[in-house]
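A.B. asks: What follows is the residue order along each chain.
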Amino acid sequence: MGYLAKLRVWRGDKSGGQLVDHSVEVSEGEVVLDIIHRLQATQAPDLAVRWNCKAGKCGSCAAEINGRPRLMCMTRMNTFAEDEEITVTPMRTFPVIKDLVTDVSFNYEKAREVPAFDPPKDLAPGEYRMAQVDVQRSQEFRKCIECFMCQNVCHVIRDHEDNKEAFSGPRFLMRIAELDMHPLDQTDRKNMAQEEHGLGMCNITKCCTEVCPEHIKITDNAIIPMKERVVDNKYDPLVWLGRTITRRKSD
Amino acid sequence: MSQIERHQYDVVIIGAGGAGLRAAIEARANGFKTAIICKSLFGKAHTVMAEGGIAASMGNVNSNDGWKVHFRDTMRGGKFQNQWRMAELHAKESPDRVWELETYGALFDRTDEGKISQRNFGGHEYPRLAHVGDRTGLELIRTMQQKIVSLQQEDFRESGDYDARMKVFAELTVVEILKTDGKVSGVLAYYRETGEYVVFEAPAVVLATGGIGKSFKVTSNSWEGTGDGHALALRAGGNLMGMEFIQFHPTGMVWPPSVKGILVTESVRGDGGVLKNSEGRRFMFDYIPAVFKDKYAETEEEADRWYTDADNNRRPPELLPRDEVARAINSEVKAGRGTPHGGVYLDVSTRLSADVIKRRLPSMWHQFKELADVDITLQPMEVGPTCHYVMGGVQVDPDSGAATGVPGLFAAGEVAGGMHGSNRLGGNSLSDLLVFGRRAGVGAAEYVKNLGARPSVPDSEIDRALAIANAPFESNGEENPYALHAELQQMMNDLVGIIRDEAEVQEALDKLEVLKERAAKVKVAGTRQFNTGWHLALDLWNMLLVSEAVAKSALERKESRGGHTRNDYPTMDANWRKWNLLTKWNGKNVELIKEENPLMPRELAELFDVEELKKYLLPEELEQLGMGGH
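Chains X and W are the protein sequences, given in the same order. Residues 1 to 251 in the numbering used here are what the first sequence spells out, letter by letter. Residues 1 to 630 in the numbering used here are what the second sequence spells out, letter by letter.
Treat the hints as calculated values from the structure; they're not laboratory data. Just so you know, not all the hints are guaranteed correct.
Claimed, not checked - What follows is a list of derived Cβ distance ranges for each label pair:
(1) Arg351/W with Lys217/X: 25 to 31 Å
(2) Glu513/W with Pro125/X: 50 to 56 Å
(3) Gly2/X with Thr194/W: 37 to 43 Å
(4) Asp311/W with Glu25/X: 55 to 61 Å
(5) Ala520/W with Glu25/X: 29 to 35 Å
(6) Pro115/X with Arg6/W: 29 to 35 Å
To be verified - Stretches of chain X that chain W covers, calculated by requiring three or more beta carbons in the stretch to come under 8 Å of a beta carbon on chain W:
(7) 45-51
(8) 99-106
(9) 112-121
(10) 133-142
(11) 154-167
Just so it is clear, the structure is predicted and the values come from calculations on it, not from any experiment. In this text, a Cβ means the ideal position worked out from N, Cα and C, and glycines have one as well.
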């Protein structure tokens, strides 16, 4: 193999920037991140890019490649024609810091707003007993590597900055589902998902599921079941009766 | 210095992998205001790469397991070079540390009874590794991250400020440990994003910076593994111990070149994968060393029976400790029986059904499919040794993690030395992080509690550290940090790699002197804002320092043991077990000191057969234990 790829990389910071054309050597078996690194080592030493494991496990190197959110380390160069122009831009939903690096602090703020796992008080460490079939549902969601591409692609916030306050995004709606489905979690998270994290704003277009590099079925297995649980909770006559009689403070 | 951002903390943790986060939880639990400094984003630490599991003798799958068996396996794996006290604490405390993770929200795979499932792994006598498929490291890091968040939520409820008692500083790199009157008084760091400097004033600093793999060309380590903590400790006056012991994991990917070195989990072998050479032979049967002869199967039939009946059969030799398997693969390839890309075959496709492979090894299936275009349910993988882990590290007090010779400095996890001796068993790393992360947190808290006046940071100390950080911009030279780094990696791989000899290691030391001179001439362009060239220029100094410690130690140890193999001294020599090689920085060079390695007490020695002890200990040492006679 060995050829020169046409690479267009967004360079700039929060005050603005532009696409810069480069011609970079490519060897057999390489991925986009290799090419970005070669660019850095040979032509643009101050090009900013985030990466860690280079094996699709840490979720640091998310960017948009020809407009599609991708992990740069998992995008093989042989998926493009040799003469194809490859455009690499930072994730659009988050503010740019420099070049391909964005400010993803939105996600860490949302993470803090999801109440933590609430363990049973009467079980000592070592006494937990859970069946594989019961932990499996939440385990699927815990495969998440927090690349935040689902957050990036979600149209509720991608082009609607003002929705960010009320909407936690697929990653954290899934986190709520994960805890709600945890066999031993003691907190009821259904109302909170709806009222504080914007579950209702999701209209299940499945964009998040499509970009997930871990192939987690975010929409089908996390968000839709959560929506169903919310509805059950709201309209179940027994729940309604119980709630009316006990008049819980939170209502 | 008024323009530099300053923070005051009780304890500063450098590193946000498993050890750092566990230390932070403990320091805060002891009531101390704690800062966590991560080189990357929170939750991205190299711990996520751990695949196989956490070793802890809970006995959920085989009730014969217990801390004594785990201790024995750990000492055997480390060829008795381990600090016995660390191995003892580790074996005793790891079950509690794993169970604790469940209370933080971890979801391990389960046994039929609903307990935490445990899997087989190289060198472990019983199924011992708590795991989540083959992404255990991700589970551990996420669990710890979420525990930190839950503590911050508690603080928010109390004070209205999430960061009141524990704050995570992401994408921050520490340049230097600051000292006042011989004691730790803080650190100087820079924000990767802006390049702005920041001083943390703190009487206690915990190093939890992980490994040094980035000094080698073929490595499973991410860019962060540049030996920062090792180098910081050296420059602060601490000792490194056992730096000659580097683990080359036997199974890294060898193809395509861009992913060369990325890990293929040992669980592939634990779950039934076998190693074959280009002639189709299961060659590991040819490489069972004398010390392990009676513990491993001699025929393929017996080895295969072990997967279903472990009590009545000996284990397959594919599950020998990592150093043995790595050397065997190296020999096969050198003998011309390697694969087209210079590895050997690791095959599960003919041994497990596609469904089982995808369920038990999902990330491996994914990794090969996406990165190498290989379907491991249909084809064998090509694998070869990769620089994976450094057993050597900061010399610490086993109980508290306090670094020898530097009051206020602590170390835990891969950056600390001694626990694993000359070779680490798979699964013992994640448990090490938890056991000694917690202990370093306690150690730092105790230290701060007993400290009288807090040391203040003089401006001269900050100036000294700033000079180091600014040097690459002010240099008159024209060296490129990327090019120098590539040379260093190639050199270390070639000359101080998996097989060593005197002439090559000496050559490496000569070349390191030249590289050090050239590193002083590294010139960086641009500004300090997210300037990866500058970051590398600073990391390069750490790698050079650590490489010198590795080479000096490797030259001195004239035997082969665990992660240190000398062509010119191919056998293990009990005379060397009793020495630990320490390295120290004199401001210009790394110096070597030989220190006696303490012998374990009799009650621990009695866990082994005398015949086995004779393989590792000298007659006078057995005498000393009162186990000399018959």
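A.B. asks: For a quick check of understanding: which of the numbered hints are violated here, in increasing order?
C.D. replies: 11
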